[in-house]
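Q: Residue numbers (my numbering), protein chains in the order written: chain A, 222 to 584; chain B, 329 to 616; chain C, 234 to 489.
Hints in this document: simulated from the structure, not taken from any laboratory.
Fair warning: there could be bad hints in the mix.
No more than 27 angstroms apart at the CA atoms, straight line, and that leaves these computed lysine-lysine pairs for BS3-like [to be verified]: (1) Lys568/A <-> Lys563/B; (2) Lys552/A <-> Lys354/B; (3) Lys412/B <-> Lys286/A.
Each chain, written out:
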Amino acid sequence: MYVAVKGGERAIDNAHAWLAEERRGDLSVAEMSIAQIREQLSLAVNRVMAEGSLYDPDLAALAIKQSRGDLIEAIFLIRAYRTTLPRFGATVPVETGEMRCDRRISATFKEAPGGQVLGPTFDYTHRLLDFKLAAEGEPATAPQSEGRTDPTPHITGFLQGEDLIQTEPRDETEPRDITRQPMSYPADRATRAQALARGDEGFVLSLAYSTQRGYAKNHAFVGELRIGLVDVEMEIPELGFSIDIGEVQLTECETVNQFAGSKTEPPQFTRGYGLVFGQTERKAISMALVDRALRWEELGEDFKGAPAQDEEFVLSHCDNIQATGFLEHIKLPHYVDFQSELELVRKMRREAADNAAAQEAAQ
Amino acid sequence: MSLMDDYNFAYLDEQTKRMIRRAILKGLAVPGYQVPFASREMPMPYGWGTGGVQVSAATLTPDDTLKVIDQGADDTTNAVSIRKFFERTAGVATTEETTEASIIQTRHRIPEVDLTEDQVLVYQVPIPEPLRFLEPRETETRKMHSLEEYGLMHVKLYEDISRHGNISTAFAYPVMVNDRYVMDPSPIPKFDNPKMEMAAIQLFGAGREQRIYAVPPWTKVVSLDFEDYPFEASKADHSCELCGSDSSYLDEVILDDAGNRMFVCSDTDYCRSRREAGHQGRLAGETV
Amino acid sequence: MTPLLQVRDVSKLYGGRIGCGDVSFDLYPGEVMGIVGESGSGKSTLLNCLAGHLVPDSGQVIFDTRADGPVDTVTMSEPARRMLGRTDWAFVHQHAREGLRMGVSAGGNIGERLMAVGGRHYGNIRASAQDWLGRVEIDADRIDDRPSHFSGGMQQRLQIARNLVTGPRLVFMDEPTGGLDVSVQARLLDLLRGLVREMGLSALIVTHDLAVVRLLADRLMVMKDGHVVESGLTDQVLDDPQHAYTQLLVSSVLQV
Chain A
222 MYVAVKGGER AIDNAHAWLA EERRGDLSVA EMSIAQIREQ LSLAVNRVMA
272 EGSLYDPDLA ALAIKQSRGD LIEAIFLIRA YRTTLPRFGA TVPVETGEMR
322 CDRRISATFK EAPGGQVLGP TFDYTHRLLD FKLAAEGEPA TAPQSEGRTD
372 PTPHITGFLQ GEDLIQTEPR DETEPRDITR QPMSYPADRA TRAQALARGD
422 EGFVLSLAYS TQRGYAKNHA FVGELRIGLV DVEMEIPELG FSIDIGEVQL
472 TECETVNQFA GSKTEPPQFT RGYGLVFGQT ERKAISMALV DRALRWEELG
522 EDFKGAPAQD EEFVLSHCDN IQATGFLEHI KLPHYVDFQS ELELVRKMRR
572 EAADNAAAQE AAQ
Chain B
329 MSLMDDYNFA YLDEQTKRMI RRAILKGLAV PGYQVPFASR EMPMPYGWGT
379 GGVQVSAATL TPDDTLKVID QGADDTTNAV SIRKFFERTA GVATTEETTE
429 ASIIQTRHRI PEVDLTEDQV LVYQVPIPEP LRFLEPRETE TRKMHSLEEY
479 GLMHVKLYED ISRHGNISTA FAYPVMVNDR YVMDPSPIPK FDNPKMEMAA
529 IQLFGAGREQ RIYAVPPWTK VVSLDFEDYP FEASKADHSC ELCGSDSSYL
579 DEVILDDAGN RMFVCSDTDY CRSRREAGHQ GRLAGETV
Chain C
234 MTPLLQVRDV SKLYGGRIGC GDVSFDLYPG EVMGIVGESG SGKSTLLNCL
284 AGHLVPDSGQ VIFDTRADGP VDTVTMSEPA RRMLGRTDWA FVHQHAREGL
334 RMGVSAGGNI GERLMAVGGR HYGNIRASAQ DWLGRVEIDA DRIDDRPSHF
384 SGGMQQRLQI ARNLVTGPRL VFMDEPTGGL DVSVQARLLD LLRGLVREMG
434 LSALIVTHDL AVVRLLADRL MVMKDGHVVE SGLTDQVLDD PQHAYTQLLV
484 SSVLQV
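Sequences are here, hints too, so could you generate the full structure?
A: In structure tokens, the structure reads:
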């Protein structure tokens with residue numbers, strides 16, 4: 222007799238067992254440690270921390286290992302874990318002006334206090350496969366110099382001194398936590414920034430690229446890009462002051478964009494802003510461009526119908542965990558819905574055939 | 329292995345559950361209205377029932393008996409996966425028998441047997457906004473709901489008839505709830521629409537879209553239509569070839585390369601209980 | 234007789250610039266008022282303020298509603314104003330694309346307002362749509378075609394049908410003949426004149442084309458820099474203009 226497909230549970234268990242085997246790969250090859258991933262795939266770790274919204278390199282490395290290197294899957298693991306964590310409170314806003322920079326460049330000034338520091342960048346590497354890496358061996362050590370002890374001032378601060386760039390209004394209202402409150406539109410800039418900071422790197426990159434190619438064009442200079450460590454402080458109510466609880470690596474980008482101005486207001490440069498966990502400069506620059514494009518209304522510009530200007534479009538599609546989940550859910554069975562369409566199409570075809578027959582008979 | 333020691337009962341923390349319960353209560357107070365809620369990231373992908381899972385998690389108590397179905401069946405992979413999730417995180421009793429369950433989480437179907445006032449039916453919802461495919465913008469659709477501007481919805485139905493001679497929506501067929509809100513009943517076949525005026529509480533969870541809505545018991549639910557093209561709850565014109573039911577929703581199964589097919593109940597529990605009661609369809613007992 | 238529309242001191246500023254300033258007038262049932270001026274004179278701003286598309290900074294726009302008599306539509310609730318917008322009011326845009334749903338059939342376009350106010354009988358809605366296609370001189374067998382396949386003149390006539398199907402009492406028209414060929418314009422004007430008379434419509438027509446108002450409008454307002462500089466009976470204003478700007482407008486037409 223006919224038996225409907227059963228054994229879903231056993232199929233799932235078997236699939237998981239097979240997955241675990243595939244994850245490990247050839248047993249004759251040494252297993253990778255979490256520390257190895259953390260140290261040697263650090264940019265992947267950074268991306269997972271940024272888009273997973275959880276600063277923990279070891280957990281990110283674990284997630285990368287568990288996901289077989291599928292970074293969106295790794296981000297998903299981190300997000301699902303993060304949701305379950307208790308919230309102890311919020312830190313004091315980090316002071317990026319105090320950042321201990323590993324990298325700090327400006328495209329707008331040849332030289333500025335704090336200097337141009339290239340840092341560990343791919344920028345000027347020739348993209349030639351380095352076959353030496355295929356062999357084992359220690360790299361040459363990089364030359365060292367004394368680090369800067371003074372804080373590195375923001376480039377836009379120099380423009381602000383002359384009032385050449387728009388001063389961003391100070392906002393003391395507590396920002397909405399998009400992981401604790403539902404998104405609603407229109408969103409304020411802090412909310413947009415949160416969504417973009419954890420948004421998919423590829424999506425934000427493509428949107429930023431589209432603004433450069435003329436969809437809501439607003440030429441951006443990288444006023445400053447800096448990567449480094451900042452202290453994280455938290456106010457402890459019992460103590461009445463804030464204490465250092467650790468440090469995080471951040472990438473910050475401020476773009477200087479074409480001036481806005483009108484008959485009544487003299488022209489001024491405006492800015493776009495990006496801030497992302499870890500060394501993630503492609504993402505931070507992209508975020509700054511998209512941030513700037515989304516500010517069209519506030520800055521009195523026209524809505525040109527460009528995707529990057531469209532807040533609801535950008536924010537409701539930038540999250541790769543939402544996107545991949547919904548995209549992949551079409552793999553699930555839909556045969557009940559399909560059956561109802563099947564019946565409808567059959568019915569309509571039947572009616573069409575009947576009509577045709579009736580017409581023929583009439584003739 | 330039990331996850332119960334590592335996680336709170338039914339996975340979500342109590343504060344989150346309270347937030348979800350508030351959204352559910354608001355939804356029940358304003359039938360058909362989509363209540364925004366701060367959907368959490370669940371350990372299963374968005375689009376795979378995270379909304380329904382969160383609503384179930386906030387609704388479950390240790391004394392509940394849970395049934396999970398997908399496409400009407402208890403043994404489809406995602407139903408198995410979600411049932412297992414609650415077995416591990418809540419330790420509640422589970423069942424495949426519709427009448428035994430106090431909470432039923434479903435994707436795409438309403439069970440064939442009438443539900444009772446002691447039961448809660450939780451729907452998984454992919455896109456909660458019935459106007460979404462007419463107007464993609466949330467800011468616009470919210471305005472349309474608040475002002476009850478639903479003319480566009482009928483324009484869509486008009487276009488269907490003028491083009492196809494029929495309303496060509498076969499599932500996720502929009503309904504008017506309590507004479508006020510146009511609501512998406514989730515992608516259930518339109519065959520199930522008339523069952524929505526029922527004794528049980530109906531809760532709808534859309535995780536990715538961060539919306540919860542509800543239909544209280546015996547609330548008026550009307551499928552949109554025209555007077556001269558009335559709504560029709562259609563199904564395949566066959567009876568179940570296993571249990572003989574001629575009133576249940578049927579799956580069509582392709583049997584061989586020649587394209588022979590048979591029709592069987594989509595509600596696996598309903599079909600099984602009928603067969604146990606001695607009902608027989610055309611192919612019952614045969615080897616096919 | 235109660236005016237259908239009483240406009241009192243309506244002003245709208247854009248930044249420091251005047252969109253329209255202190256405009257007042259009455260419109261009586263069955264009357265057609267033309268508003269003329271060159272581009273930038275504030276006539277479209279005024280029309281949009283009156284039709285509820287823009288919120289004036291000050292002033293009242295009092296409409297004689299069927300249920301409650303004269304009500305200020307500026308302060309009325311949004312649902313009530315939007316209800317007026319799909320029942321007693323109609324708005325004909327210069328560009329038919331803005332006033333039509335290009336992805337919906339001609340029949341659906343005409344039927345939308347009927348369905349928005351509760352029409353639930355497909356056959357009746359379709360019959361109305363067919364009737365209206367005839368009244369605006371579009372072949373009945375185009376009923377299931379989308380307006381994207383229509384000529385500019387047909388699109389504009391379809392827009393008019395879509396607006397008039399619910400029997401509105403007041404029609405706002407923004408350059409209804411703009412962008413159409415001269416011969417197409419003439420046919421459209423003829424049609425509009427017939428419909429206005431036949432239905433006893435009141436209308437406000439914004440245009441820069443004096444020929445349009447000469448044919449359609451009973452009365453005329455001339456606007457310049459956001460203000461009304463002259464108003465009166467159409468023939469009077471056009472044949473014996475008093476204000477220097479009106480004289481210039483009229484003479485520039487005659488020169489053409």
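Q: In ascending order, which of the hints set out earlier in this document are inconsistent with the structure?
A: 2
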